[in-house]
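Enquirer: One-letter residues, chain by chain:
2 protein chains.
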Amino acid sequence: MENNGKSDRELDLLRDEIDRADRELIDLLARRREVVTRIAALKTARGLPVYAPDREEVMLRARRREAAERGVHPELIEDILRRIMRDSYRAEGEHGYRRAAPEAWPVVLVGGAGGMGRLFARHFTASGHPVRILDRDDWSRADELLDGAGLVLVGVPIAVTLDVLDDLRGRLPAGAVLADITSVKVAPLARMLEIHDGPVVGLHPMFGHSAPSLAKQVFAHCPGRDAAACSWLLDQLRIWGAFPVTVEPAVHDRLMGAIQAQRHFATFVYGLHLMEEQTDLDEVLALSSPIYRLELGMIGRLFAQAPDLYADIIFGSEVGRDLARRYHRLFARMLDIYESGDRAAFLADFARVKDWLGPLADVFLAESDALLDQARDRLDIRAAGATRRRGDP
Amino acid sequence: MENNGKSDRELDLLRDEIDRADRELIDLLARRREVVTRIAALKTARGLPVYAPDREEVMLRARRREAAERGVHPELIEDILRRIMRDSYRAEGEHGYRRAAPEAWPVVLVGGAGGMGRLFARHFTASGHPVRILDRDDWSRADELLDGAGLVLVGVPIAVTLDVLDDLRGRLPAGAVLADITSVKVAPLARMLEIHDGPVVGLHPMFGHSAPSLAKQVFAHCPGRDAAACSWLLDQLRIWGAFPVTVEPAVHDRLMGAIQAQRHFATFVYGLHLMEEQTDLDEVLALSSPIYRLELGMIGRLFAQAPDLYADIIFGSEVGRDLARRYHRLFARMLDIYESGDRAAFLADFARVKDWLGPLADVFLAESDALLDQARDRLDIRAAGATRRRGDP
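Protein chains in written order, with this note's numbering: chain L, 1 to 393; chain V, 1 to 393.
None of these hints come from the bench; they were simulated from the model. Treat the hints with care, since some could be wrong.
Which copy is meant is left open, so a pair is good if it fits within one copy or across any two.
Stated by the list, open to error - Below, in silico cross-link-like pairs of lysine to aspartate or glutamate (DMTMM-like), each with a Cα-Cα straight-line distance of 20 Å or less: (1) K354 with D197; (2) K354 with D280; (3) K354 with E248; (4) K354 with E283; (5) K354 with D308; (6) K354 with D143; (7) K354 with E34.
Bear in mind that the values here come from a model prediction, so they are computed numbers and not experimental data.
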C-alpha cells in the first residue's frame, strides 16, 4: 500500500481529534467520580443501600432514548454506563457503609484468616463493627474473642464445619447471631440450631473471594431461628449491594449438587482429559472461537484455585455424585448414537431439549452473544498475553 | 429507613449532576463517532485496514496512564475505550471497505442464501464486488452465474459439500479463486484441488453468522494452490478486520474435533441431562453464580441455533467421536474416585493438571474474572428478563 504525505497528515489530525475526545472522557469520568463520592457520603450518612436498581433502570432507559436521538447506539451507552456503575459501587465502599445493626457489636469471624474471611472483615470494618478473627491457632483465646459478640460467622472447610460448631457449644453469648457460609446448608444449619439457643441463619455466598465488591453478588439464605434478630445481618448484606435469596436448606443442597459439585467435577475431568490427550494449548488458542476460549477459561480458573475447596464441594455432595453417575450413563447412551451415526436420533433429542428450554434458549443466546462480544473486545491482548506468559522460561 | 426532605433534595441534586455528566458523555460519543466516520472514509480511500492493532495499543497505553494520573482506574478507561472501538469498527463498515482485488470481479456465493452467505454478501458488496448467489434452486443458471467470476466461495452443509464441488467441475473460469468455508478442511480442499486447476484456498470462519462485524474475528486458513493469486482474498479479510490463521488441513481437522465436535457433543448431552433431571431452571437461575449462568448460557445458545449445523459438525468429525469416547472412559475412571471418596487421588490429579497448565491457569482465571464482572454488570436485567419471558403464557 502506498502512502502519500498529505493523507497521512489528514489521518493524523483526525486521530488527534479522537485522542482529544478520549482525554475529555477521562476528565468526565474523574468529575463523575467526585459526584459519586459525595453521593456515597450522603448514602452512608442516610443509611441508604449502595445499589439502587430502580433508579438505575430509570436512568438507563432515559440515556438509551437520548443516545438514540443523537445517533449513538443505545446498547453502547448502556454498556458504558453499566461499566462505570460497577466502578462506582467500588468507590462507594471505599467511604464506608452504614451499619445496619442497632449497635456496633463485635463480629467474630471463625476461620476468618482465609480469602472470604478477609472480604467479610473488610466489609464489617467499613460498616463500623470491630472484627475479631478466630482461626485455627486462636482457640486458646476463644472465650475472650467471643465475649460480647453480636455475630459469630463460621467459614471453615466443609469437612471440619460440624466439629468447629461443636467446639463453639456453650461458648456463644445468648443473643449473638450464629451464622455460617458453608457451601452445604442442611447439616451445618441443623448443628447450629443444636449448639446455640439464640438467633441462627445459614448463608452461602455464590461467588469467590476474588470478587471486586459485594454489589450484585448473590447469597443463598436459609433462615434458622429468630428471623427478626437476624434481620440486621440481611439488611447489612443489602447495604453492601448484595442479593440474599431465601431458599430451603434441602432445596439449596440439591441445587448446589447440580450447580457446583457436578459441574466442577465435569470441568475437572475435562481438564484432565485435555492433559491426557496432550493437547497443544497454544495451537488450540490460536484457532479458538471465543466460545471455546471461554470454555478453556472455565477449566483454567478451576485449576488456578484452591484444590481443597473444590474437593470439599465435590466430595461433600451426594447429590452431585448421583448426578454425575446419571450424566455418565446418559453420555454412554448418546455416544452410541454418535458411533452409529444416528443423526435422526440426535436431531430428535435436540428438538426435545430446545422445546423444554422454551424462550430461555434465546435469552441465553442473546446473553452469551453480548458476553462473547465483550470477550472479543480484548481478544488481541489476551491472545498475546497467553502466548507471552506461556513462552516465559 | 427515615428520609427527611433536606437530604432527599441533596441526593436529587447530586443525581442531577450525574445525569448531566452522562448526557455530556452521549454528546461526546456522538462527536467521536463523526470523527470515526471521517477516518473511515479516509481509510477506505487509502485502502487501509479497519483494524490497526498497533495504533490501538499505543493509544490505550497513553489513556491508561493519563487516567491513573487523574485518579480514574486504568481498567475502567480501557474497558470503555475497547467498547467504543467495537462500535467504531461497525461504523467504519457502514461506509464501505476498500477492495483488495485489482478488479471488481464478480463473487459467486455457492449456498449463499444462508446466514453466513448474507454476511459475506454484505461485506463483498460493501467492498465493491458484484455478488451473485448460487443456491439450491439456481443450478439451472449456474453457467451464467459463474461466468467471469473472480471468486467462487462454497458454503454448504458438510454432507453435500463434496457433491456440490463435483457439480462445479468444468464450470469454473480458469483464473477464478475457488474457496470454501466448510468446518472440515482435508476432504473439501482435496476435492477443490481435483475439480479446479486454478487458485484454491480453504477457509473456516471461527464464528457464527450472528457476528456483529468481522473485526477481530478469526478465520482458519488452509492454502491450496497458487497462494499469490489467492492473496487478494486474504487481504480483503484483513481489510474487514479479521485475522486469517494459517494451519495445515489435517491439523485443523484434528483441532476442530476437540474445539467443536467433542465440545458441542458434551454440551448437547448436558442439555439433555438437565431436561431428563427435570431441572427447575427458574430455581437454578435464582441461585446461580455468574459462572454457572455462563455455563447455562453455553447450553442455551447451542439449542437456540440450527440443529443441522451442530449435527454436521458433530457427525462430520471422527476425531470428535474418538475424543468423546476417551473422555467418557476417563469420566468413568474419575467417577470411581468420586464414588469411593478418594479425595487424595482427586488432589493428585488436580495437581498434575495444574502443573501441566502452568501459567495459563492464572491467565484463564484473570480473563474469566474480567468476563464474569461484565456478566454481573447486567445481572439484574438478565435475571428479570429470563423470568419475565419464561413466565409469559
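Enquirer: Indicate, hint by hint, whether the structure satisfies it.
Expert: Status of each hint after checking the structure:
no., hint, in the structure
1, K354 with D197, "neither (49 Å within a copy, 45 Å between copies)"
2, K354 with D280, "between (34 Å within a copy, 15 Å between copies)"
3, K354 with E248, "neither (29 Å within a copy, 36 Å between copies)"
4, K354 with E283, "between (33 Å within a copy, 19 Å between copies)"
5, K354 with D308, "between (37 Å within a copy, 13 Å between copies)"
6, K354 with D143, "neither (57 Å within a copy, 41 Å between copies)"
7, K354 with E34, "neither (49 Å within a copy, 43 Å between copies)"
The structure fails to meet hints 1, 3, 6, 7 from the earlier list, while all remaining hints are met.
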